[in-house]
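Whenever a hint applies, use it, and build me the whole structure from the sequences.
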Amino acid sequence: MGDPDPETTGQQLRKFQKELSAGTVSLVLLAVLQAAGEPMYGYQIAKRLERFGDGVLAGKQSALYPVLRNLGAAGLLDSHVEPSTSGPPRRYYRITGAGLAVLHEWSAAWRATRDSVDAVLRGLEP
Amino acid sequence: MTTVLPTTIPEYLDQLRRALAGADPALVQDALYDAEEYLRSELAENLDRSEAEVIASVASSYGAPEEVADIYRDTEVKVQTALRPPPPRPRKSPLGRFFGVAADPRAYAALFYMLLSLATGIFYFTWVVLGTSLSAGFSLLVIGIPLLILFLGSIRMLSLLEGRIVEVMLGERMPRRPLYGVRDRPLLERIKDMFLDPRTWSTVVYFLAMLPLGILYFTIAMSLVVVSLSLVLAPLALLPGVHFNLWIFGIDVPDQAPWLLPLLTVAGVLLLFATLHLARGIGRLHGLFAKNLLVKSAQYS
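Sequences listed follow chains P and V, in order. FYI, in the numbering used here the residues of the first sequence are 26 to 151. FYI, in the numbering used here the residues of the second sequence are -2 to 298.
For the record, the hints were derived by calculation from the structure and aren't laboratory data. Don't be surprised by glycine CBs; every beta carbon is placed ideally from N, CA and C. Don't take each hint at face value.
What the hints assert, rightly or not - Distance ranges between label pairs, derived from CB positions:
no., chain 1, residue 1, chain 2, residue 2, range
1, P, 103, V, 109, 18 to 28 Å
2, P, 43, V, 154, 35 to 45 Å
3, V, 131, P, 109, 27 to 37 Å
4, V, 193, P, 43, 57 to 67 Å
5, P, 109, V, 195, 23 to 33 Å
6, P, 73, V, 1, 41 to 51 Å
7, V, 205, P, 35, 50 to 60 Å
8, V, 120, P, 134, 40 to 50 Å
9, V, 57, P, 44, 19 to 29 Å
10, P, 134, V, 183, 48 to 58 Å
To be verified - So, partial list: chain P residues that the calculated Cβ filter (under 10 Å) puts toward chain V:
no., residue
11, 69
12, 72
13, 85
14, 86
15, 87
16, 92
17, 94
18, 95
19, 134
20, 135
Claimed, not checked - Using 25 Å as the maximum straight-line C-alpha spacing, the simulated SDA-like pairs for lysine to any residue come out as follows:
no., chain 1, residue 1, chain 2, residue 2
21, P, 43, V, 20
22, P, 85, V, 64
23, P, 43, V, 64
24, P, 85, V, 70
25, P, 85, P, 36
26, P, 85, V, 50
27, P, 85, V, 63
28, P, 72, V, 71
29, P, 40, P, 126
30, P, 85, V, 44
31, P, 85, V, 7
32, P, 85, V, 4
Below, the structure written as structure tokens:
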């Protein structure tokens, strides 16, 4: 085995981040909408997530929109359109009852995963 | 491929559109809509900065046009595998393929669409005829022009609605967001765009065509289902007290040739499956037809 190639490790990191965010973005979106308690539109949600750092989205906020639409299609979010003065009419999202139930289960699953992953990683540290 | 970072919103959207060239037009329309919402909101939040500065910062937060294009292409694949019903296992034998249609939800949805299209067809046709005749009639007065503009606007909304129906029932990906033209043009210019947009007129043609098509689809679906069900139920004629007239070529079947009844049931079952095949085929064709007339693909090529 030679020295790790920085380019390959970078690629691996990006791939890993992408895979991680694929599962967590939906959870985070539901949580943000539940905490907000009022309907929010895509840009607002992106800005709120930005405050918590880049980790969850692994980069680009454009990835939010398709996920929002999927959550809507799955009945976890409700949406309606309102005209806006600054651009095209905005689609506002609000969490549904089904969304709340799913959020509850997903958070439990996330905590369990996080704890066990952390426990395993702790074993690795010097 | 490296391109210069865009400095205006229309340029950004244009680059995104080019980066998505060849993708499903409905996906392109959604991606453009989302990007425009984000860019316009960002611009409205940062009034003290120039459009070029805002777009430069957006390239790192929202993503540069090419990155955004990749993200949308990627998600589309995932959504298709996650949300659509799994395709039934392809059957090898011709017999399995013929009867396998019963396990395909698409076939039933298409059959239902054929029945529904009579109602929607009549509605669309009436709407178009009413809209054009009212605007033509009132064109002598001043209110004819606003009526025409309102009517064309309603056509675009109805087009989105029909798109949703077609996507849900026929499985053809259709746009979920309205298409926005260039934003900062004056109202009159945008109205002019609506008149010049070939999609407006192809939608009108589609709505007019929906009446004859709806009648045709309804008739085909209804008569085939009724004929096959009555064939399947033919042996009930032997039940005491049931008066079920079944004449074929001048023979009163229950009376003179009761042994034919099971054969009729078999024929009915076969016809029912054939009807499902036909519905699925018509559904696929109609999906393509709707996509061609309701989604303007020329713009994205």
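Hints, one by one, checked against the model:
The given range of 18 to 28 Å is respected by residue 103 of chain P and residue 109 of chain V, whose C-beta atoms sit roughly 25 Å from each other. For the pair residue 43 of chain P and residue 154 of chain V, the beta carbons lie near 37 Å from each other, so the given range of 35 to 45 Å is met. At about 31 Å, the CB distance of residue 131 of chain V to residue 109 of chain P agrees with the hint of 27 to 37 Å. Between residue 193 of chain V and residue 43 of chain P the C-beta distance comes to about 42 Å, which lies outside the given range of 57 to 67 Å.
For residue 109 of chain P paired with residue 195 of chain V, a C-beta distance near 28 Å keeps the hint of 23 to 33 Å intact. About 32 Å separates the C-beta atoms of residue 73 of chain P and residue 1 of chain V, a value inconsistent with the hinted range of 41 to 51 Å. In this structure the supplied range 50 to 60 Å holds for residue 205 of chain V paired with residue 35 of chain P, their Cβ-Cβ distance being about 57 Å. Taken as a hint, the range 40 to 50 Å holds for the pair residue 120 of chain V and residue 134 of chain P, whose Cβ atoms sit roughly 46 Å apart.
The beta-carbon spacing between residue 57 of chain V and residue 44 of chain P, approximately 22 Å, falls within the hinted interval of 19 to 29 Å. Between residue 134 of chain P and residue 183 of chain V the beta carbon distance is about 53 Å. The supplied range of 48 to 58 Å therefore holds. With a cut of 10 Å, the hint placing residue 69 of chain P at the interface with chain V holds, because the nearest CB-to-CB distance is about 8 Å. With a least beta-carbon distance of about 8 Å to chain V, the hint placing residue 72 of chain P at the interface is held under the 10 Å criterion.
About 4 Å separates the beta-carbon of residue 85 of chain P from the nearest beta-carbon of chain V, less than 10 Å, and the hint is met. The interface hint given for residue 86 of chain P holds, since its Cβ lies 5 Å from the closest Cβ of chain V, which is under the 10 Å cut-off. Taking 10 Å as the C-beta contact cut-off toward chain V, the hint placing residue 87 of chain P at the interface holds, the least distance being around 4 Å. A cut of 10 Å between beta carbons decides the hint on residue 92 of chain P: the least distance to chain V is about 7 Å, and the hint holds.
Annotation: residue 94 of chain P was flagged as interfacial toward chain V, and the flag holds, the nearest CB pair being 7 Å apart, inside 10 Å. A least Cβ separation of about 6 Å between residue 95 of chain P and chain V falls short of the 10 Å threshold, and the interface hint therefore holds. At about 17 Å, the closest approach between the beta carbon of residue 134 of chain P and any beta carbon in chain V exceeds 10 Å, and the interface hint on this residue is violated. The interface hint given for residue 135 of chain P is broken, as the beta carbon of that residue sits about 19 Å from the closest beta carbon of chain V, more than 10 Å.
The hinted pair formed by residue 43 of chain P and residue 20 of chain V meets the criterion: a straight-line CA distance of about 22 Å does not exceed 25 Å. A distance of roughly 8 Å separates the Cα atoms of residue 85 of chain P and residue 64 of chain V; the hinted pair therefore holds under the 25 Å criterion. This hinted pair checks out: residue 43 of chain P and residue 64 of chain V have alpha carbons roughly 13 Å apart, not beyond 25 Å. About 14 Å separates the Cα atoms of residue 85 of chain P and residue 70 of chain V, which keeps this hinted pair within 25 Å; it holds.
Between residue 85 of chain P and residue 36 of chain P the CA atoms are separated by roughly 16 Å; this keeps the pair inside 25 Å, and the hint holds. Between residue 85 of chain P and residue 50 of chain V the CA atoms are separated by roughly 18 Å; this keeps the pair inside 25 Å, and the hint holds. Using a Cα cut-off of 25 Å, the hinted pair residue 85 of chain P and residue 63 of chain V holds, with the two alpha carbons roughly 12 Å apart. Distance restraint check for residue 72 of chain P and residue 71 of chain V: the Cα-Cα separation of roughly 23 Å lies within the 25 Å cut-off, and the hinted pair is therefore satisfied.
Taking the CA atoms of residue 40 of chain P and residue 126 of chain P, the gap is near 30 Å; set against the 25 Å cutoff, the hint is violated. A C-alpha spacing of about 23 Å is found between residue 85 of chain P and residue 44 of chain V, which places the hinted pair at or below 25 Å, so the restraint holds. For the suggested pair residue 85 of chain P and residue 7 of chain V, the alpha carbons sit about 20 Å apart, so the restraint of at most 25 Å is met. Among the hinted pairs, residue 85 of chain P with residue 4 of chain V is consistent with the structure: their alpha-carbon atoms are about 19 Å apart, no more than 25 Å.
Checked against the numbered hints above, the structure breaks hints 4, 6, 19, 20 and 29 and satisfies the rest.
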